[in-house]
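Let the hints inform the model, and build the full structure from the sequences given.
Each chain, written out:
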Amino acid sequence: MAFPFPQGIAPSEIAFLAEMEMVTIVPRQRLEGLELLGGPVEPLAPPRRASLPLWLALLLKRQRRANIIPPTWLHPEPLSLILEVESQHQDYKHAFSPPPPLPGQPSMHEPGPEPTARPQYTPDGEKYFAAPPFLPHNTAQARTSSGEVPALPYHWIEVGNMLLDAASDDLMDPDQIRRLLKDLREVRMSKMRAGVDVLDAAATGGGGVALTGVGAMELGEERGFLTGVVDNLRKIGASKEQARREQLAEQRANGGYNGTQDEEEDYMEF
Amino acid sequence: MDIDDILASVDRGAGASTESTAIDHQLLTRFWVAERAVSEVLPWPAPLMERMMDRVRLQIETIEDLAASSADTDLSTKQHTHNPNLNLRLSILQTDLARTQYIIRSLLRQRLSKLTKHSMHYLVKLASRNKNPLSQTPSQSQSQSQPPPSQALSPEDSVPDISQVTDYAPLSAQECAFVHAHQTLLAGHYGGSFMGAFPPQLRRLDDNAGGTSMVQGPDMKEVVFVRCLKYEVPVVVEGVDGGEDLGVIMRMGDVWVVLWEGVRNAWMKGEVELL
Chain A
591 MAFPFPQGIA PSEIAFLAEM EMVTIVPRQR LEGLELLGGP VEPLAPPRRA SLPLWLALLL
651 KRQRRANIIP PTWLHPEPLS LILEVESQHQ DYKHAFSPPP PLPGQPSMHE PGPEPTARPQ
711 YTPDGEKYFA APPFLPHNTA QARTSSGEVP ALPYHWIEVG NMLLDAASDD LMDPDQIRRL
771 LKDLREVRMS KMRAGVDVLD AAATGGGGVA LTGVGAMELG EERGFLTGVV DNLRKIGASK
831 EQARREQLAE QRANGGYNGT QDEEEDYMEF
Chain B
3 MDIDDILASV DRGAGASTES TAIDHQLLTR FWVAERAVSE VLPWPAPLME RMMDRVRLQI
63 ETIEDLAASS ADTDLSTKQH THNPNLNLRL SILQTDLART QYIIRSLLRQ RLSKLTKHSM
123 HYLVKLASRN KNPLSQTPSQ SQSQSQPPPS QALSPEDSVP DISQVTDYAP LSAQECAFVH
183 AHQTLLAGHY GGSFMGAFPP QLRRLDDNAG GTSMVQGPDM KEVVFVRCLK YEVPVVVEGV
243 DGGEDLGVIM RMGDVWVVLW EGVRNAWMKG EVELL
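Protein chains in written order, with our numbering: chain A, 591 to 860; chain B, 3 to 277.
By construction, these hints were calculated from the structure, which means they are not laboratory data. Computed from a prediction, not measured in an experiment: that's the story for all the values here. Glycine included, every Cβ here is placed at the ideal spot set by N, Cα and C. Be aware that one or more of the hints could be misleading.
[Claimed, not checked] Okay, the calculated beta carbon distance ranges per label pair: (1) Pro596(A) <-> Arg91(B): 30 to 40 Å; (2) Ala784(A) <-> Glu52(B): 46 to 56 Å; (3) Lys830(A) <-> Arg107(B): 40 to 50 Å; (4) Gly818(A) <-> Ala73(B): 28 to 38 Å; (5) Arg131(B) <-> Val788(A): 33 to 43 Å; (6) Asn751(A) <-> Gln218(B): 35 to 45 Å; (7) Thr186(B) <-> Ala784(A): 46 to 56 Å; (8) Arg835(A) <-> Lys271(B): 21 to 31 Å.
What follows is the structure, given as structure tokens:
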């Protein structure tokens with residue numbers, strides 16, 4: 591009653607999150623810096639490029655106050671490269687192509703030193719590791735090295751579609767991009783569906799199924815289905831799991847009672 | 003500690019520093035997504051929410067000042083002298099404010115809906131954790147054994163008394179008051195509509211006769227989607243002897259489908275992010 595949406599972030603909310611991604615624009619007019627609740631916005635002074643959240647960039651674009659420079663990955667060549675990896679590459683027959691690295695994480699293709707996460711600190715003094723949509727995965731200068739293989743960012747479907755809708759005149763060959771995005775989506779969707787039979791692993795305690803490289807919207811689409819399947823598998827397997835636990839507990843009890851029963855009762859509350 | 007540290011701490015307290023604004027916004031967004039993803043009520047981030055509410059209040063004042071100044075210039079001077087960017091700035095500020103308010107509202111409503119769903123569970127949890135000998139804590143074992151036969155029980159009597167509770171975690175004080183009032187009303191309604199016709203010993207709402215507790219809690223074994231943010235984070239499950247068994251190891255940047263109870267502690271430490 592208090593809240594109409596089902597559990598798990600809804601597609602409209604995913605799009606809302608995607609609008610927080612930073613993109614690069616070329617402003618057409620001056621605007622002094624603003625202190626927003628989402629963080630400060632740098633002053634706009636044409637023709638200097640600026641990084642803004644996507645929602646603000648789209649607002650300026652609709653009023654013809656700025657041009658959006660498409661993200662590094664949203665060009666025909668990188669997209670067709672990624673499509674090739676997704677559909678042809680042996681290693682990624684059953685997995686998604688690798689996502690852009692987090693800060694401190696070396697890219698998949700050049701095995702570097704051990705990744706060490708670079709934390710920022712919250713005002714409460716706790717460690718904070720940034721993650722999409724708050725990483726510059728959609729800015730135009732995100733390219734790190736020339737040999738870098740492009741990667742699809744977490745919010746690729748949403749950012750791609752929003753830019754195609756609102757700023758197709760700023761994109762290179764929008765029709766080609768639209769076609770490539772559609773192909774990518776189909777290839778990845780079939781992988782998502784093909785992976786259903788490994789879901790049993792996620793139903794057992796301590797197990798899990800990796801979906802590395804998945805996009806936010808793809809996750810949102812499959813969330814209800816995946817959680818439903820795993821929950822049902824868990825219920826089917828519950829009696830088996832229970833029997834196994836009891837057997838182990840019995841073995842232990844025979845080995846010698848040392849007061850572990852009280853502990854177990856504490857856990858029963860959950 | 004030198005003067006810079008003192009200044010920095012003052013800055014933090016006021017919630018004015020620009021860097022912490024951005025990080026707080028990211029924390030709020032992440033917390034909102036997490037709250038939407040699991041069925042239990044997550045610990046209330048009181049300092050963060052206070053800072054955010056302060057900022058929202060300040061931002062509303064800023065917007066009102068700006069709007070007032072634009073009205074002044076309209077009255078006093080002609081159209082061409084008035085700052086052309088003022089309307090744009092106002093609309094940007096208002097959009098930003100509306101976005102933040104949307105997150106806060108959605109977050110609070112989600113928590114309320116979880117609270118009403120599992121109100122008894124959270125009340126029992128709050129009352130039983132506060133080990134105050136004076137306050138009667140109807141823990142599950144007590145209620146099962148013997149109901150006091152002297153007075154006629156009504157369902158309201160089984161609503162735990164939380165007036166002595168000082169530690170509200172995982173709820174905020176307001177949520178705590180809400181959930182108690184909600185459950186008392188609900189118990190009164192049940193009593194009036196059908197439970198009054200039951201024998202007195204069957205009128206408790208936290209009955210657990212036959213080993214089945216009537217208090218339903220959130221599902222800790224549900225599956226969630228997480229992204230690993232540190233080098234290596236293991237999935238931890240409760241072992242047979244009450245200890246901890248390690249499950250699969252998640253690597254940095256990986257997205258996994260796992261059971262919530264296996265990554266709950268890692269989430270508390272901020273090592274994984276719920277998606």
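Status of the hints after comparison with the structure:
Checked against the hint of 30 to 40 Å, the C-beta distance between proline 596(A) and arginine 91(B) comes to roughly 38 Å, which is consistent with it. The hinted window of 46 to 56 Å between alanine 784(A) and glutamate 52(B) holds, with their beta carbons roughly 48 Å apart. Lysine 830(A) and arginine 107(B) have their C-beta atoms about 44 Å apart, which keeps the hinted 40 to 50 Å range intact. Range check, glycine 818(A) to alanine 73(B): about 54 Å between beta-carbon atoms, so the 28 to 38 Å window is missed.
For arginine 131(B) paired with valine 788(A), a C-beta distance near 40 Å keeps the hint of 33 to 43 Å intact. At roughly 40 Å, the beta carbons of asparagine 751(A) and glutamine 218(B) sit within the given window of 35 to 45 Å. Look at threonine 186(B) against alanine 784(A): about 52 Å separates their beta carbons, and that is inside 46 to 56 Å. Our hint of 21 to 31 Å for arginine 835(A) and lysine 271(B) holds, since their Cβ atoms are close to 27 Å apart.
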